[in-house]
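A.B. asks: Under the UniProt record's numbering, the residue at position 303 of the sequence shown is numbered 303, and the numbers go up by one with no gaps.
If you're looking for bench data, these hints aren't it; they were derived computationally from the structure.
Keep in mind it's a predicted model, so treat the numbers as computed, not measured.
Straight-line Cα separation of at most 20 Å, EDC-like style, residue types lysine to aspartate or glutamate; simulated pairs:
1) Lys320 to Asp349
2) Lys111 to Asp96
3) Lys144 to Glu109
4) Lys207 to Glu109
5) Lys324 to Asp348
6) Lys207 to Asp96
7) Lys270 to Glu199
8) Lys144 to Asp223
9) Lys320 to Asp239
10) Lys207 to Asp110
11) Lys292 to Asp239
12) Lys270 to Glu206
13) Lys104 to Glu206
14) Lys270 to Glu299
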Amino acid sequence: MGKPSRLSGRRTARFAMHRNSPIAAASSPPDASDAGRRCLTALLVIAAVTFPSVVLYRSASPFVPRQPSVRWDPAPALVIPDIDKPIDSVDLDSEDVRLERVLKEAAMEDKTVILTTLNAAWASSGSIIDLFIESFRLGDGTRKLLNHLVIIALDRMAYMRCMFIHFHCFALITDGVDFSAEKRFMTAGYLNMMWRRIEFLGVVLEKGYNFIFSDADIMWFRDPSPQFYPDGDFQIACDHYTGDATDLENRPNGGFNYVKSNNRSIEFYKFWYSSREKHPGLHDQDVLNFIKYDPFLTEIGVRIRFLSTAYFGGICEPSKDLSKVCTMHANCCIGLGSKIHDLRIMLDDWRNYMSLPPNIKRFRLYSWRVPQNCSLAEI
1 MGKPSRLSGR RTARFAMHRN SPIAAASSPP DASDAGRRCL TALLVIAAVT FPSVVLYRSA
61 SPFVPRQPSV RWDPAPALVI PDIDKPIDSV DLDSEDVRLE RVLKEAAMED KTVILTTLNA
121 AWASSGSIID LFIESFRLGD GTRKLLNHLV IIALDRMAYM RCMFIHFHCF ALITDGVDFS
181 AEKRFMTAGY LNMMWRRIEF LGVVLEKGYN FIFSDADIMW FRDPSPQFYP DGDFQIACDH
241 YTGDATDLEN RPNGGFNYVK SNNRSIEFYK FWYSSREKHP GLHDQDVLNF IKYDPFLTEI
301 GVRIRFLSTA YFGGICEPSK DLSKVCTMHA NCCIGLGSKI HDLRIMLDDW RNYMSLPPNI
361 KRFRLYSWRV PQNCSLAEI
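Make the full structure from the sequences, and use the hints.
C.D. replies: Here it is in structure tokens:
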């Protein structure tokens, strides 16, 4: 017990010594002391009754632990390139570190990410990328998949546009190559862009991530995952589907594929990329049509599955049943303007279909109005 201060001790002694002095008697009327004692007694009685009641109430009430204060970690700073500087001059992290970070942030629980590539030609407002993202918002249960989409920007303008419209963006730098303009089918720029993509996807697999790759001119109407084969390492959509998922005569389209990360798929992508030297002047899809028969694929044991156009359709071979369709691709189509026009028609067709009463949908009378501007004439 702490000692009373000297000051308080003196005051107590002095007041006690002079309590019966004439001065004290004159300054304190006799009834004031009695009133004070009565007031103090009343307070003690109230306290004696109230305190046990409070204790009993607290013990009878359920204990609710105090929630700890939530600490919000600040979001990582977004580095938007200066319009006059290349991307790599403003991003201090290495490409490997940046890629690992964005994949980790976007990945599903099983380490699957959705990937698409974007250049400036497809990045402008109202162009392909806006229609692509809009399809996720209109699709049946696909909006949540945007959380797992990483947009791979191939040039500065595409990266800036991605940062404005989406939250998982990665700048893929290719020294000395300009991927910003529209790449016409089978031109040198188109081939370079396609092979850069194959090389990059192989790196994603080496990092241990599965991926669903989708060209941005593919509209997503349903989650495609239930239609993937559990035993497939490499699964790819088709321009033409024979009806057999294992038939190598299927005509694959590299614009949409699902790949599991394992030793077989990693070796497959290395072989695919290196095969460009054996088949110069061909794009990845044509080279795939050669190597799918190669004995090396049997040797490494990679399991290839071709996806049905009933679920993964396109202008080449549309999905006929809108109650099943997962994706629709503006393949077999030349020219950016033609693609945009027909993709908008696809989205309108989907909106109209989704607005139909269930009893009308069952009759499967509704079909696509495409192709319109898209044509196979130039292919």
